[in-house]
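Please build the complex by placing chains B and C on the supplied structure of chain A, with the hints as guidance.
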Amino acid sequence: MVDNLWILISALLVFIMHLGFSTLEVGLTRQKNTINVLFKNMFIISAGLITYALIGFNTMYPGDSFNNILSIGGPIGFVDASKNLTHAYADYTYYSDFLFQAMFAATGATIVSGAVAERVKLSSFLLFATLLVGLAYPIAGAWKWGGGFLDDMGFYDFAGSSVVHAFGGFAALACAWLLGPRADKYTNGKINTLSGHSMPLVAIGVFLLWFGWYGFNGGSVLSADPAAVSLVFVTTSLSAACGILSAMFISWFMNKKPDYIITANGALAGLVGITAGADVVSIWAACVIGLISGILLVFGSNLIERILKIDDPVGAITVHGICGIWGTVAVGIFSAEHSVLTQLIGTTIISVFAFTFSLLVFGAIKKTLGIRINGKLEQQGLDLLEHGYEAYPDFKTSS
Amino acid sequence: MVDNLWILISALLVFIMHLGFSTLEVGLTRQKNTINVLFKNMFIISAGLITYALIGFNTMYPGDSFNNILSIGGPIGFVDASKNLTHAYADYTYYSDFLFQAMFAATGATIVSGAVAERVKLSSFLLFATLLVGLAYPIAGAWKWGGGFLDDMGFYDFAGSSVVHAFGGFAALACAWLLGPRADKYTNGKINTLSGHSMPLVAIGVFLLWFGWYGFNGGSVLSADPAAVSLVFVTTSLSAACGILSAMFISWFMNKKPDYIITANGALAGLVGITAGADVVSIWAACVIGLISGILLVFGSNLIERILKIDDPVGAITVHGICGIWGTVAVGIFSAEHSVLTQLIGTTIISVFAFTFSLLVFGAIKKTLGIRINGKLEQQGLDLLEHGYEAYPDFKTSS
Amino acid sequence: MVDNLWILISALLVFIMHLGFSTLEVGLTRQKNTINVLFKNMFIISAGLITYALIGFNTMYPGDSFNNILSIGGPIGFVDASKNLTHAYADYTYYSDFLFQAMFAATGATIVSGAVAERVKLSSFLLFATLLVGLAYPIAGAWKWGGGFLDDMGFYDFAGSSVVHAFGGFAALACAWLLGPRADKYTNGKINTLSGHSMPLVAIGVFLLWFGWYGFNGGSVLSADPAAVSLVFVTTSLSAACGILSAMFISWFMNKKPDYIITANGALAGLVGITAGADVVSIWAACVIGLISGILLVFGSNLIERILKIDDPVGAITVHGICGIWGTVAVGIFSAEHSVLTQLIGTTIISVFAFTFSLLVFGAIKKTLGIRINGKLEQQGLDLLEHGYEAYPDFKTSS
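Protein chains in written order, with our numbering: chain A, 670 to 1068; chain B, 670 to 1068; chain C, 670 to 1068.
Excised from the complex, chain A in its bound form (with noise of 0.2 Å):
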C-alpha cells in the first residue's frame, strides 16, 4: 500500500517536470515562439500519455513471451481490464505501473523539442514527436526494462541516463542536424548568441525538474523501500548541488563572469548523470559524477555550438545526451559490480537507435511534408502567424 502510494506520487511528481521542461524552454528561447513553445510542450504530454496507452506500455513491458528484441504491444488493459485493476505487479497495482512509465514516455518528446525550437514545423513536430514516443522510445525501453537483450547482457541503466536521456538527447542531435540552425545563429563566421527572454521562467523550470527528479529517480525503486529511496534522494540531490558547483566555477573562470544559464543547466547535468546509478554508488561518488557531469556541460555546449555548429537554443543535446552517457559509464566506474565496457557498449546503442531513428523518420518527414518554416515565419515568430496571437499581448512597461 505504501509501495503503491510511492509510485503514484512519483508518477505525479515526473508530471509536473513537464511544466518545468516547458517553462525552462520558454525562457532560453526568444518572445516570438513563446506559445510555439507551449503548445508543443502541452501537445506532448498529451500525446504521450494516450500512446503509451494505446501501445507503449505493452511494447515496453511484452512479458515472458518477449523475443528480447521487438515485440509490439497493444493498449493496455484490453483483455480484462477488471483483472488489471486488481492484480497487484509488485507491491503497486498494473494501473500505477502504466502511470508512472507513462509519464517517463512523454519526456523523451519534450527533450527533442527544446533542440528544435524556433524553426521547426508544428504539425510535422507533432507527427515525430507521435512515433518517437509511441514506438521507437518503449522499443528501446523494453531492451533494458523490458527484459531484453541489453538486460540479459548485464547493462544497467536504474532510472534512465540512456533509456530516457540519452535517448531524448540523441534524438535531438539528430533533429536539430537535419533542421539546420535558426536563421541568424551563424552569420558570416560568427556565432551568435540568441538570447532567450525570461531568466525567472529558466529558474521556474531548473527548480520544477529538480524537483520532480526525485520522484523520476526516487520512484524508479519501484517501491517505498526506506534505506533504497533514502539513498536515491540523497544521490540524486548531492550530483545536482556538485553540478551546478563545477558549472558555476569552470564558466566563471572561463568566460570571467558567473553566467546564469550554465549554472542552472549545472543542476540538470547532475542529475542526468545520476540518473543511471542512483542507487548503486556512494553519496560520495555521486559528488564526483555532479561535478563531472557539470564540466562535460560546459565543454560539451561548446563542442555542439562552435564545432560541431549545430543550434540547439536550450542545451538539450549536451545535457541530456553526453551526461546521459556519462551517467551511464559512471556506473562500471563506480559500482564494482558493472563493468565499464557493458555500460558503454548498452549507451552506445540505445543511443544509436535513437539517433538512427530520428534521422529516417525525421528525415523522411522533411522530404515529404517539410520540417522547417519558412524564413519570413521565422523571423516574425511563429507566435502570431502561426499560432494567430503573441504571448504577451496586452504587456505593457511603465515608462
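To be clear, the hints were calculated from the coordinates, so they are not data collected in a lab. Treat the numbers as computed from the prediction; the structure is a model and nothing was measured. Some clues are possibly wrong.
Note that the list lumps identical chains together, so a pair holds whenever it fits in one copy or between two copies.
Straight-line Cα separation of at most 20 Å, PhoX-like style, residue types lysine-lysine; simulated pairs [what the hints assert, rightly or not]:
#1 Lys1045 to Lys926
#2 Lys978 to Lys854
#3 Lys1036 to Lys1065
#4 Lys926 to Lys978
#5 Lys1065 to Lys1045
#6 Lys978 to Lys859
#7 Lys1045 to Lys854
#8 Lys854 to Lys1036
#9 Lys1045 to Lys1035
#10 Lys925 to Lys1065
#11 Lys1065 to Lys926
#12 Lys925 to Lys854
#13 Lys925 to Lys1035
#14 Lys859 to Lys1035
#15 Lys978 to Lys1045
Leaving out everything else, chains B and C in the frame of chain A:
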C-alpha cells in the same frame, strides 16, 4: 496511517491548485488588473479556510441527526478538541478530513473570481465570496456528501463535477450576468477579444491545476487503496489528455490555427469532466468523457460569449459549469450502476441552487453596495487606482 | 516505512521552498538585478546541501558525546556508509534524516539573501552564505535540536521559528545594517519605495513557500503519526489564513488601499509565527498567533524601514526575525507546558548569536574583500555588468 498521509498530501495538492487558479486568471486577463486578480485569490484561500473552520465543515457534514436538507453547523472541534484530535474518522483523523474538505471549499469562489475579473468591485466580491464559500457551498455539499437528499436518491458525484465545479460555474454565470460585460467587450455589435497578458502564466496555471487534480480526485477515494487510487489517477490523466486532443483539433479545424488557450483549457475541461466518475468508469470511457469535454469547451465558449453575450474572461462558466454537468451525466452513461436521469436531476438541482443563490445574494449586494467599478477605474485598470501600484512597476524592455 | 516516506516527501517540499524564495525575492526587487538574485539562490541550495553533508549535519546532531555547547562534526556516513544506509534512526533512515535537515539548513542563508539584495558583492555574499549555512546554523541548531543547553533548559521550538527563522532574520538584520541601504532608498530625508518588478512572481513565491511549509512543519513531527501531522497541517493553515486577514485589514485601514504585497506577506508572517508551536497549540490559538503575526508584520516593517532606516527589499527581517521571535514566545503563552520566560531566553540567545556571528564575519569580509558593489554597478544593475546579460534580453512589448 497511509490513508491519513494520503489525505493530507491530497489536501496540499488541492491547496496548490489555488496558485494554479491565480496564474491562469492573471495570464488570461489584462495587465492593468493583475494585482486585483492576485489579491482576490489570496483572500479566497484565507476566507475559505477560516469560514470552513467556523461554520462550513459542520454544515457540510452534519452527522447522523441531519434532516437531509439544511442544518447549519458550528465551529470545528469546539466541544472537545482533544477528542477530535484522537478520534479516527474512517482511517484518517478529523483534522485531516477537515483540511482536505476546506481546500475544496475555497475552489467554488475561485471559479467565480475568473468570470467576474477586471470589472468587479473588490469589497463586494470579497463579501460575496465569503458567503458563497462559507454558506452556500457547504449547504449544497451536504445534500450529497453530507448524506442529504441527493445522496439518498442515488445521485453520484465522486469528487465534485457538480458539487464543486458546476456549483462554481453556475454561480459564475449568475455573477457575470448581473455584472455585465467588460466595457470594451461588445462594441457596435462586434465581439472583441480582450487578450490576456501572459501565456506562460496560463501554462503554469493549467499544469499546476492538473497536478493538484491528482489530489482532488485521488484524495476523494478517502483512502490510499491501491486499486481505487491508481484507477482514478489513470482515468484522470487520460481524460485530461483527450480533452487537450479534441479541443486542439476542433479549434484548429474551425479557426485554421492551432489555438493555445483553447488547447490548454481542453485539459481542464477533461479534468472537470472526469471528476464525477473517475472511480467508476473504465479507462476508455474516461477517454470518451475527455474527448467530449474538449468538444463542449469549444462550442460552450461560443454559446456563452457569442450567443448569450456573457463576458467570462477565463472561460470558467464553460469549463466548470458545462463540463461539470456533462461529467455528472456521463457517470449515468458509462457506469451501469448509475442512472442518467438521477444524475441529470442531481446536477440540475445543484446548478440551479448555485445560480439562484448567487443571483439573489450578488443581486442584493448590487442594489446596496454596488458590484461594479466605475468606468474610469475600469479603463485605467484596478491596480494603480484601487491598489496603489502596478504589477510590473519596474519592468523595462531592452530596446 | 510510512514515516520514512513522509520525511522524504517533506524534504522535497522544503526543497521547493527554495524556488518560492527565489521568485519572491525576484518579484520584489528591480528588474536590473534579477539574474543576480536567481544566481544567489541557486548557489545557496548547492552550498547548503554540500556543506551540510561535509560538516553541518554532524555538527548539528553530535550524538551522545555532545558537550551541549560546541562540537564540530565531520562528513556524513564517513566511517561506514553501508552501516548508515541500513541503520534505522527512529523510524526513518540516516539519509532521510540528513536530507530533511539539509533542506532546512539552506533556508537560513536564503533569508539573508533577500535582505541584502540589489547591492551586495556577489563573491563576498557567496562566502558569507557558505559560512552561515555550513557553520553558524548547525552550531546554533545543536543547542536545541542536537540536544544542547537550550534543549536541556526546556526551550521549545517545534520546527524552527527561532532555530531557522529568527536565526535567518537576525543574520539578515546584521548584514543589511553593515551593508547600508540601496542608493536611492533614503534621499534628502525622504523614504522612497523602490518597487519590485513582478507581482505574479511574488504570488508564485508566497504560494510555493506555503506549499513547502507543510513539509517544513509537517515533516518536523518526524513521523507520519496521523493525529500529530494532521493537527500541524491545520494549525499551519489557519495561522497563514489569519496572517493574511489581519495584514490585509490593517494595511487597508492604514493606507486606505488594499495592499497586495503586505497581504501576501501576511501569509508568510503567519507561517513563521506558527512554526515554533504548530504541534502544541490549539487550532484557535493558531488563529490568534496568525492574526498577531500579521499585525507585527505591518508595524515591524515600519519599524525597520522608517525608524531604524534599515533597507530590507523583501521584508525578511520582519517576517522571519520579528515573527520568529513572536512565534517562539507564543508557545509559552498558548501551551500550558511551556514557559514564556524560557521561550524568550531561548529565542534571544539564538537571535543574538545569529546577529553577532553575522556582524563579525560579514564585518570581517567588509574590511578585507568588501561587501558592497560600487555605485555605478548599483545604478546600472548587477545583471548586465556582473553577469553579462539581462534577465529579459529578448522581451519586447507589443505597442
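Structure versus earlier hints, numbers of those that do not hold, lowest first: Violated hints: 3, 4, 8, 10, 11, 12, 13, 14, 15; rest satisfied.
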